[in-house]
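> Here are the chains, one letter per residue:
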Amino acid sequence: MAVAGRYYAAQTSRMIEASAILSTAGGEDHLTVRSGDGTALASAPLGSVAFSDRIGSAPRRLVFPDGAVFETDEHDAVAMIEGDTRASRLHAWEAFRPRLLGVIAVGLAGIWVIWRYGLDLMVAGAVALTPAPMLGAMDAGTIQAIDATLADPSTLSGGERARIRAIFDDLVAALPPGSTRSGQDFTLDFRAAPGMGPNAFALPGGSVILTDAFAEQFGEDDVIAGVLGHEIGHVVEQHGLKQVYRSLSIFLLVALMAGDTGPILEDVLLEGNLLLSLSFSREKEREADAFGVALVREAGYDPYGLARFFLELSTMAPDGPGWYSTHPSSADRAERIEELIEAP
Amino acid sequence: MYTEKEEKTPVPVEFHGKTGEWFGIWIVNLVLSILTIGIYSAWAKVRTKKYFYQHTYVGGRNFDYHATGKQILIGRLIVIAGLVVYGVLSAIPILALIGFVVLLFLIPWLAVRSLMFDARMSSWSNVRFGFHGTYGGAAKALILFPILAVLTLYTTAPFADRARRRFVVDNHTLGKAPFAFDAPISKFYKAFLAFLAWIVIGAVLMGAVLMATGLFETLAMAFAGTMDPSAMDDPAMMDPMAQVLPILIFYAAIIVLFAPAGALYYAMTRNIVFNHSTLGGVHAFRSTVPPLRYVWIVLSNAVAIVCTLGLALPWAHIRKSRFLAAHTTALVGGSLDDFVGDIKTDGGAVGDAYGDIEGLGLDIGV
Numbered sequence: 001m002a003v004a005g006r007y008y009a010a011q012t013s014r015m016i017e018a019s020a021i022l023s024t025a026g027g028e029d030h031l032t033v034r035s036g037d038g039t040a041l042a043s044a045p046l047g048s049v050a051f052s053d054r055i056g057s058a059p060r061r062l063v064f065p066d067g068a069v070f071e072t073d074e075h076d077a078v079a080m081i082e083g084d085t086r087a088s089r090l091h092a093w094e095a096f097r098p099r100l101l102g103v104i105a106v107g108l109a110g111i112w113v114i115w116r117y118g119l120d121l122m123v124a125g126a127v128a129l130t131p132a133p134m135l136g137a138m139d140a141g142t143i144q145a146i147d148a149t150l151a152d153p154s155t156l157s158g159g160e161r162a163r164i165r166a167i168f169d170d171l172v173a174a175l176p177p178g179s180t181r182s183g184q185d186f187t188l189d190f191r192a193a194p195g196m197g198p199n200a201f202a203l204p205g206g207s208v209i210l211t212d213a214f215a216e217q218f219g220e221d222d223v224i225a226g227v228l229g230h231e232i233g234h235v236v237e238q239h240g241l242k243q244v245y246r247s248l249s250i251f252l253l254v255a256l257m258a259g260d261t262g263p264i265l266e267d268v269l270l271e272g273n274l275l276l277s278l279s280f281s282r283e284k285e286r287e288a289d290a291f292g293v294a295l296v297r298e299a300g301y302d303p304y305g306l307a308r309f310f311l312e313l314s315t316m317a318p319d320g321p322g323w324y325s326t327h328p329s330s331a332d333r334a335e336r337i338e339e340l341i342e343a344p
Numbered sequence: 001m002y003t004e005k006e007e008k009t010p011v012p013v014e015f016h017g018k019t020g021e022w023f024g025i026w027i028v029n030l031v032l033s034i035l036t037i038g039i040y041s042a043w044a045k046v047r048t049k050k051y052f053y054q055h056t057y058v059g060g061r062n063f064d065y066h067a068t069g070k071q072i073l074i075g076r077l078i079v080i081a082g083l084v085v086y087g088v089l090s091a092i093p094i095l096a097l098i099g100f101v102v103l104l105f106l107i108p109w110l111a112v113r114s115l116m117f118d119a120r121m122s123s124w125s126n127v128r129f130g131f132h133g134t135y136g137g138a139a140k141a142l143i144l145f146p147i148l149a150v151l152t153l154y155t156t157a158p159f160a161d162r163a164r165r166r167f168v169v170d171n172h173t174l175g176k177a178p179f180a181f182d183a184p185i186s187k188f189y190k191a192f193l194a195f196l197a198w199i200v201i202g203a204v205l206m207g208a209v210l211m212a213t214g215l216f217e218t219l220a221m222a223f224a225g226t227m228d229p230s231a232m233d234d235p236a237m238m239d240p241m242a243q244v245l246p247i248l249i250f251y252a253a254i255i256v257l258f259a260p261a262g263a264l265y266y267a268m269t270r271n272i273v274f275n276h277s278t279l280g281g282v283h284a285f286r287s288t289v290p291p292l293r294y295v296w297i298v299l300s301n302a303v304a305i306v307c308t309l310g311l312a313l314p315w316a317h318i319r320k321s322r323f324l325a326a327h328t329t330a331l332v333g334g335s336l337d338d339f340v341g342d343i344k345t346d347g348g349a350v351g352d353a354y355g356d357i358e359g360l361g362l363d364i365g366v
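In the order they appear, the protein sequences are chains R and C.
To convert, note that position 253 of the first sequence is 253 in the numbering used here; the numbers rise steadily by one, no gaps.
To convert, note that position 180 of the second sequence is 180 in the numbering used here; the numbers rise steadily by one, no gaps.
A few of these clues could be false.
Here are a few chain R residues that face chain C, going by a calculated C-beta distance under 10 Å [unchecked claim]:
no.	residue
1	T24
2	G26
3	V106
4	M134
Hints listed in this document are in silico derivations from the structure and should not be mistaken for laboratory results.
In this text, a Cβ means the ideal position worked out from N, Cα and C, and glycines have one as well.
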């Protein structure tokens, strides 16, 4: 049997039209490459010739022990010489035919499993490996960005700030031992940010920021303690960090498994997900509420403070329809907090 | 640009990949990667590279990729181990600082190893590519020039980009034949200005649309909301539009401004690099990618991928490769039979895996 193709001596780009002939001599299969005029260019026992894997419709390469290469597009002939191998079975599975639908179904199911369970595992591993100094650096960067775009220095009086800071310190001191990572600092900052209204938020490294409007509108110690406790809850439960890692993991998984998604989707996956990750889910808000209530009680403040805050909020503006909101509505939250407090 | 152009024979670059064929390989890669919790992705990477290399032809001879999945896997494991060690050690502040400095000095070395590995594992017409960049050259092109660009508020960014391209191209060989690249800086500035112009004009247009539709106020009010985990504590955030709008605007900015500007710049600089590179002093190249059409390809690919939940990815890959190949020509100044391989040595896969993660890719051989 002769197979038409092209021959390259080792280490050269010189392409020679040639054919490969399979012969049997002394019970052993032999592969010989001959040029058009019959000159033998290469010859070796079939077993010592390496066959390249079949990939799509690309030519097959048969590499001789001395590095010479015979290349051919006659796929059927090569498949016959080569016989059934793992690589040839892989190629058969890749064929574009109905069976591929089954492969697609398994793929979609696999993606669902990763989405549901795999991501959480990756995130937990990454969180465990993140050193506290890195978190501090992340916080500093975020605060810089906020200062540049949204916030001005606080105009609260020194006494007012000291009063709120004392509440914050009480809460941090009441944190159960072992609930924070070593080297983690909790800090409270004040900012005047008219665009944010009465608000407080927490960054993954332990920086909590309170807006001036909040201190002015909700001056009561217990309310401030409730809201700060809630924010500390976000930090201790690592909600922010987990969200950041979740989006990074998605980016990494897509890059590793699906391959190049093109410049646009790459940006959307990386930056867009980070942005989305800054808003928390309903479940995470409830976790932070529960943590905050327990912490506030431990520190000796009235745990109803947070509930009063949400009730007051709900009288200020009607809650929107629940389906679009990723946060529990204010009235609903107040009710749940009361349940939490009354539970033993 | 090469002078004796008339003596050269234009030989088109052809891409023979087919969507159906590649889809099958891609989905099997994906499934095996998932079933092996990611381990197979190293082999999948090899199969992917082989598919695109082997289906790309110049003058009837195709490219090939020779790394094995095992090499890629080992490289990735070493990188992961390094990251874990770095993460653990940097829990101690002083070690974190030392680690950062060490990493900075390691980057040029990793880049050279990465390019070397990729080059040696690639071949065309049975002859392997090579890479001969030095640590110093990499430090200059990849660290020093970018730092200078930042210090000059990016006004010298085109110099940095040219230095990087020159470092990559000049140090590559096909067998014993060296590649060479030089282009006037004005061409890089032109591409850079096109990039900036797209962003500025796009931002102005986007702003105008927002103003006209009255969305700007909602946006200003809501911007704080997305920055803030507990934004729902603020009654102003109850408006559903106020919640969703900043995210929409952010995506729009990426899709309309930054990504297309990047694609525009990529197409323009690809043309510059190909049109000013030579091989072995006798062969030259032509790239005539129309920048706006390239932006269109990239944009429409992204839309198709999103609308099909990713299933159109293989189609998008093939479409882009076919488009780029169709606008690339080799200007052959001698015989294609005369390339001779260099001594064969294998670079480690460490740098390669780093290249994977950092997205350091070489842009040669389509």
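> Which hints from the list above does the structure break, by number from lowest to highest?
1 and 2
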